[in-house]
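Protein chains: 2
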Amino acid sequence: MSANSNPLLQTYAQRAAKHSNPAAKLLLETIERKKSNLAISVDVTKSKDFLSIIDSAGPFTHVDILEDFDASLISKLQELSTKHDFVIFEDRKFADIGNTVALQYSSGIHKIASWSHITNAHPVPGPSIITGLSSVGLPLGRGLLLLAEMSTKGSLATGSYTEEAVRMARANRDFVIGFIAQRRMDNVGLVPGAASDGDFLVLTPGVGLDVKGDSMGQQYRTPHEVIVDSGCDVIIVGRGIYKNPDDIPAQAKRYQEAGWTAYLQRLSSKA
Amino acid sequence: MSANSNPLLQTYAQRAAKHSNPAAKLLLETIERKKSNLAISVDVTKSKDFLSIIDSAGPFTHVDILEDFDASLISKLQELSTKHDFVIFEDRKFADIGNTVALQYSSGIHKIASWSHITNAHPVPGPSIITGLSSVGLPLGRGLLLLAEMSTKGSLATGSYTEEAVRMARANRDFVIGFIAQRRMDNVGLVPGAASDGDFLVLTPGVGLDVKGDSMGQQYRTPHEVIVDSGCDVIIVGRGIYKNPDDIPAQAKRYQEAGWTAYLQRLSSKA
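Heads up: the protein sequence lines correspond to chains V and L, in order.
Take the first sequence: its letters are residues 0 to 270, numbered as in our numbering.
Take the second sequence: its letters are residues 0 to 270, numbered as in our numbering.
Certain hints may be false.
Because identical chains cannot be distinguished in the list, a pair is counted as satisfied if it fits within a single copy or across any two copies.
[What the hints assert, rightly or not] In silico SDA-like cross-links for lysine to any residue, where the CA-CA straight-line distance does not exceed 25 Å: (1) Lys17 x Lys211; (2) Lys242 x Ser46; (3) Lys110 x Thr44; (4) Lys34 x Ser51; (5) Lys110 x Met215; (6) Lys45 x Ser74.
Derived by calculation from the structure, the hints in this document are not laboratory data.
Predicted model only: the values in this text are computed from it and were never measured.
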């Protein structure tokens with residue numbers, strides 16, 4: 000891979016200019032414009048808290064845990080998306096057969112495809128999950144992330160599972176824009192001797208500045224470890240930002256600065 | 000394993016008597032009482048169709064694809080569950096970290112744990128997904144199935160992935176009552192020389208009498224192949240039963256009889 004095409008050495012803006020998927024382009028442009036590679040994971044069960052956190056900080060969602068979800072919530076989310084200039088990523092983790100995920104993505108109460116720029120899926124059902132989701136999302140200009148790795152203790156998304164996930168992504172570049180993973184996937188699952196190509200985004204959960212884990216198997220790393228050491232593109236932070244409601248703007252700023260500083264350090268140290 | 004303890008050679012009633020998890024016991028007793036090892040997968044997007052199919056046939060659900068879901072739907076589903084004497088299994092395929100799945104299971108619009116006797120989860124996040132779901136479901140007497148295999152082409156739930164799923168189930172017998180799989184799991188993932196033990200239920204999707212697959216990677220086998228050849232306990236059938244709305248009761252009866260005949264054949268051929 001030439002320095003010129005290595006995503007690790009390029010700015011988000013350079014990568015945005017080269018990306019053909021509209022959701023990937025939007026995300027990269029937004030990151031550059033806002034100087035923020037922070038995705039905030041808003042895992043709360045009340046719409047009021049959900050909107051208030053997003054208005055304080057900006058998001059990434061689990062709408063299926065909102066107890067009082069209704070269509071008006073999506074209008075409000077979209078207004079906030081414009082007001083605060085953020086991309087919406089519903090962390091749905093689709094994991095069913097093609098026919099079912101197509102219905103789950105397009106239909107139901109949540110109608111995720113109609114408002115979420117980006118969503119994600121587990122590769123475990125095989126390539127048909129991409130076929131099903133793509134049939135709904137591609138015409139709408141959406142993008143999909145595959146869960147190639149997880150941040151939990153004892154995760155089974157390792158070894159050949161991760162390699163297969165990356166191969167499935169390479170075979171579906173029009174719709175699959177990247178990975179949920181703990182490191183860059185550029186050289187994973189390549190046939191020996193083949194050159195890595197393309198620019199898959201890597202969004203990384205399990206990021207925390209203060210704690211190393213929770214009681215339910217989640218494990219945390221710092222923004223520096225994730226962006227500089229592992230070459231990921233976006234840090235996903237949840238409870239670290241909103242666990243104290245009065246402190247959300249300050250914590251969001253703290254993580255945004257840590258993520259951006261790490262990115263600048265990566266660019267300068269590797270140039 | 001002695002013949003006496005081999006689930007393959009026992010009746011559903013014998014197995015019900017020995018099971019300690021209340022959801023597993025309920026399912027086995029219901030199968031025996033109704034002479035039906037058929038689970039109907041009702042994957043439709045309108046409540047009216049959903050209730051009408053269930054009233055014609057009786058179910059297994061994907062409530063997240065219902066466009067007009069509301070709390071009254073659950074009351075109606077529960078009334079039908081009593082009227083037609085069936086167990087409710089929400090095929091949610093949870094696949095996230097422990098903290099998130101606990102919220103998805105207990106909260107949101109759907110509040111699955113409050114009405115679904117059985118649900119299922121992918122083992123990919125590691126044991127923490129069981130910890131998270133169990134914290135909600137065990138106090139309610141619910142049971143969990145792990146997706147140890149999938150019926151789709153190119154599924155990654157194979158080999159060591161399946162073995163790890165079975166080991167996770169063995170370590171959590173109070174809440175994990177069995178598997179979504181294509182065959183019995185009794186001897187999978189055992190330390191060499193160890194005896195298989197316990198009675199995990201095997202519920203099997205991808206069952207069809209008329210077709211071999213769909214355009215999105217689903218693959219079908221017959222009830223005989225699934226129950227007799229592979230030793231599974233429950234056949235899950237969806238579109239095969241309700242694709243023609245006028246024919247639902249006849250198709251449901253046809254699959255129920257095929258599943259029960261196969262079970263009787265297994266008992267007699269192996270006794």
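Hints and how they fare:
In this assembly of identical chains, Lys17 and Lys211 lie within 25 Å of each other by CA distance neither inside one copy nor across copies; the values are 36 Å within and 42 Å between. When the C-alpha separation of Lys242 and Ser46 is checked against a cutoff of 25 Å, the pair qualifies only within one copy, where the shortest distance is 16 Å, while the shortest distance between copies is 37 Å. Both within a single protomer and between protomers do Lys110 and Thr44 lie at most 25 Å apart by alpha-carbon distance, with minima of 18 Å and 11 Å respectively. For the identical chains of this complex, Lys34 and Ser51 are intra-copy neighbours only, at 22 Å inside a copy versus 53 Å across copies, given an alpha-carbon limit of 25 Å.
For the homomeric pair Lys110 and Met215, the shortest alpha-carbon distance between copies (20 Å) is at most 25 Å, but the shortest distance inside one copy (30 Å) is not. In the homo-oligomer, the alpha carbons of Lys45 and Ser74 lie at most 25 Å apart both inside one protomer (16 Å) and across protomers (23 Å), since each shortest distance falls under that limit.
In summary, the one numbered hint that this structure violates is 1.
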